[in-house]
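Please take these sequences and the hints and turn them into a complete structure.
Listed below, chain by chain, are the residues.
Number of protein chains: 2
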Amino acid sequence: MAKRLIVIGGVAAGTSAASRARRVDPSLEIVLFEKGEYISYGACDEPYLMGGVIDKPERLLVRSPEEFRKKQNIDICLRHEVVRIIPEEKTVLVKNLNTAQTERFSYDALIIATGAKPRPLDVPGADARNFFQLKFYEQALSLYRFLNERNPKRAVSYGAGFIALEMAEAFHLRGIENTIINRSNRVGGRLEPEIEKEVKAILEEKGVRCQPETTIKEFVKDSSGMITRVVTDRGDFETDMVLCSIGVVPEVELAKSAGVKLGRTGAIAVNERMETSIPGIYAAGDCCETYNRVSGEPTYTPLGDIANKQGWVAGENAAGGNIIYPGALGSWSFKCFEMEVGATGLLASDAKRLGYDVFTNVIEHRSRTHAQPGSKKIIVKLVADKKTHKLLGAQLAGREGAALRINAVAVALYNQMTVDELANVDFAYAPPFSPVIDPILIAARDAVKSI
Amino acid sequence: MAKRLIVIGGVAAGTSAASRARRVDPSLEIVLFEKGEYISYGACDEPYLMGGVIDKPERLLVRSPEEFRKKQNIDICLRHEVVRIIPEEKTVLVKNLNTAQTERFSYDALIIATGAKPRPLDVPGADARNFFQLKFYEQALSLYRFLNERNPKRAVSYGAGFIALEMAEAFHLRGIENTIINRSNRVGGRLEPEIEKEVKAILEEKGVRCQPETTIKEFVKDSSGMITRVVTDRGDFETDMVLCSIGVVPEVELAKSAGVKLGRTGAIAVNERMETSIPGIYAAGDCCETYNRVSGEPTYTPLGDIANKQGWVAGENAAGGNIIYPGALGSWSFKCFEMEVGATGLLASDAKRLGYDVFTNVIEHRSRTHAQPGSKKIIVKLVADKKTHKLLGAQLAGREGAALRINAVAVALYNQMTVDELANVDFAYAPPFSPVIDPILIAARDAVKSI
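First to last, the sequence lines map onto chains A and B. Residue numbering for the first sequence follows this note's numbering, starting at 1 and increasing by one per position. Residue numbering for the second sequence follows this note's numbering, starting at 1001 and increasing by one per position.
Hints are computed from structural coordinates only; laboratory data are not their basis. The structure presented is a predicted model; accordingly, all values stated were derived computationally and were not measured. Don't take each hint at face value.
In silico lysine to aspartate or glutamate, EDC-like type, Cα no more than 20 angstroms apart, as pairs [stated by the list, open to error]:
no., chain 1, residue 1, chain 2, residue 2
1, A, Lys35, A, Glu88
2, B, Lys1135, B, Glu1081
3, A, Lys449, B, Asp1240
4, A, Lys71, A, Glu29
5, B, Lys1449, A, Asp25
6, B, Lys1090, B, Asp1108
7, B, Lys1035, B, Glu1138
8, A, Lys376, B, Glu1400
9, B, Lys1261, B, Glu1088
10, B, Lys1376, A, Glu103
11, B, Lys1387, B, Glu1364
12, A, Lys376, B, Asp1055
13, A, Lys261, A, Glu89
14, B, Lys1376, A, Glu400
Chain A regions said to be covered by chain B (calculated; three or more residues, Cβ under 8 angstroms) [unchecked claim]:
no., region
15, 299-307
16, 316-329
17, 429-439
C-beta atoms are modelled at their ideal positions from N, C-alpha and C, and glycine is treated no differently.
Take a look at the structure:
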């Protein structure tokens, strides 16, 4: 009898794992249970659907269940919720949400890819029909329909992470007046202050109102159950809708109740093979921790590309292979209006906490040559170790060529290069793409001089 | 008495060298002789001036002689041609081209940055007033004036290197019908065939006529001395002007006559300190050879960014410092209409010649996610060593994000990474900038599977 692999969850990590497992072992029986109605969608594209950049929701669906079945012989069960894992029996209990019947399935290997969910908000009125969170495809559909049907004029966002910033652009494209209410005075998540300044500047330029250091106390609803007013500790805000994007939390209840160990971050702990504390049970994606190569620490880094890669490793190993997940550098990017931000490695504050004698520098340069009319300002911040000159992290911001540039620094970090070595690398130069010496090399040269 | 540094030539390498020397030794007397009327200009920007992307010639002038004098105390002598170097006396003979007087100057250190000149063409009629080459600022001015005053309708280019390709776009922007006549059937210089195919496709799409494997025999002039017809071994071509861009040759006569050794490439041989065979005489930029880190061979690589970096090293060392030029990887990029090309490292054919057991792969992917409307095709070709899996080179082509992407591979090459290691690097992902797994990582993964 064929061995059976069960995968729980069908977005980035789950589908990547199932596909990889199929490649490794063509004879394996692979069953993927997804409690929602959709699999394999591009959640990171959701803000672009809202802004009209992407013209219809279906474009976010990368591969259909039929494709998985026909091309890869992967059995996809939608609206099937795994309600219990019984490791000692190597079985799972699965509830069919259409029929409410529960069935038992045995497995030889199990991959938990339950992902993350939006952090819940415990504020009166958060149950309103115009209160939205944006993560699952179903949530995207619901917000999309609301925007099209109700044509709101004002939107309050709660939280100022990069979903909120991407949505600020989407609201702007729709002509919706957006106010971002935020408990701290920071925007964009893990940004260096000099990079954050650029993001704040473009929000101001585009007329996005920021209301920092403010806590929402209540959402006041009208008779139809719609929020019309947001009550905060700094006054009230009238609105036609609320977008709550105060982060995500890993979906770990199922794993935890099965005795799978969680890490310090609260996400599932895994080894370098993406195996959990229970042999034969793997985890990948937003539900588990990610090893950071630069800090050497497990982190919680719920990003689509990491989920995809971890899924690949979990799938390979669950199917009998033996590869390791090499860890992340902490590379990420986002776009907020024309402002591009790219980041990799440690923040200066991380590096300090880890005991490094921290050097930082910030340079301002251009995206193209002096003479090219489209040239835009680029800000580069480097973080390095004073003792060894080793690069520890970098962030870039600019209205052109900032996001893609960060990958060259990511490769440098992977190789534990010093700023001196980085300054020596021969980058490609052509006037429409870069100044004669690339901003990253300018920053590295500057670091060599000042470190 | 202060020591004197003499720099011969004032474009990329010469000005970079003088500036660096000033930083290193504030007391040094620095004199820069330039035989032309202009210094410190962006030669690589010239095609963009012709196409009207850059609105006036003066924008190409990066720094004025006055700036060098006032801000850095560097004495710039325009229209001063160094006609002889006498190493045994440590003097140079300099001819003032305004007065035709020759004067002798002593030096403590000398930097030769005489650059390159367009390869001369020995064909009857190449002395015509509408025969142009594009390298020096004076040549750019002359072509620019012709285009504006005579408003030509047809242009024949001879040679299909990247100047010709950049100028094809410029001609197109001016509504000039362009025919590229070329002795070989290759375009774009050192391109892999799969990348070249993309460039040829865009030329065809834009209506640029390519006439490969054709040799020009004569330029037929009318009574006013203007070329009206180009005679080739494959028929005649009527035209209103000719652009000859058949490459450049290093300007080495002065060095050679002083006894400075040339390398196998015909350019000035230098050591890793950018010093020539004569102690105290340095060379930098398009007149000298460039050490290639990947092949371990001296090459002739006349590119602006390399000139700038070599000038920096020569300037530092001539002023008493002691640094080395780390060598180039052979990174370069160009734009031809919307097509971006980026390259680094060895061609497959180079690698074969050097005795590697060569692996290559070509993948086609996208510049953004599946769902993003602006996503463009990207072609990645990798060259690696089958035995060690070490990356040896890469080329990318695409209508978005191809040029900037190459730098991440350049950093990988600098670190002698294997394709397996490159596949493991954590690149930044956001839908407007890349698919969930970057095309470079897709190519590296594909190489790992197929090598």
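For each hint, the structure was consulted:
no., hint, in the structure
1, A/Lys35 x A/Glu88, "violated, 24 angstroms"
2, B/Lys1135 x B/Glu1081, "holds, 18 angstroms"
3, A/Lys449 x B/Asp1240, "violated, 52 angstroms"
4, A/Lys71 x A/Glu29, "holds, 14 angstroms"
5, B/Lys1449 x A/Asp25, "holds, 15 angstroms"
6, B/Lys1090 x B/Asp1108, "holds, 7 angstroms"
7, B/Lys1035 x B/Glu1138, "holds, 12 angstroms"
8, A/Lys376 x B/Glu1400, "holds, 17 angstroms"
9, B/Lys1261 x B/Glu1088, "holds, 15 angstroms"
10, B/Lys1376 x A/Glu103, "violated, 46 angstroms"
11, B/Lys1387 x B/Glu1364, "violated, 25 angstroms"
12, A/Lys376 x B/Asp1055, "holds, 17 angstroms"
13, A/Lys261 x A/Glu89, "holds, 18 angstroms"
14, B/Lys1376 x A/Glu400, "holds, 17 angstroms"
15, 299-307, "holds (count 4)"
16, 316-329, "holds (count 4)"
17, 429-439, "holds (count 9)"
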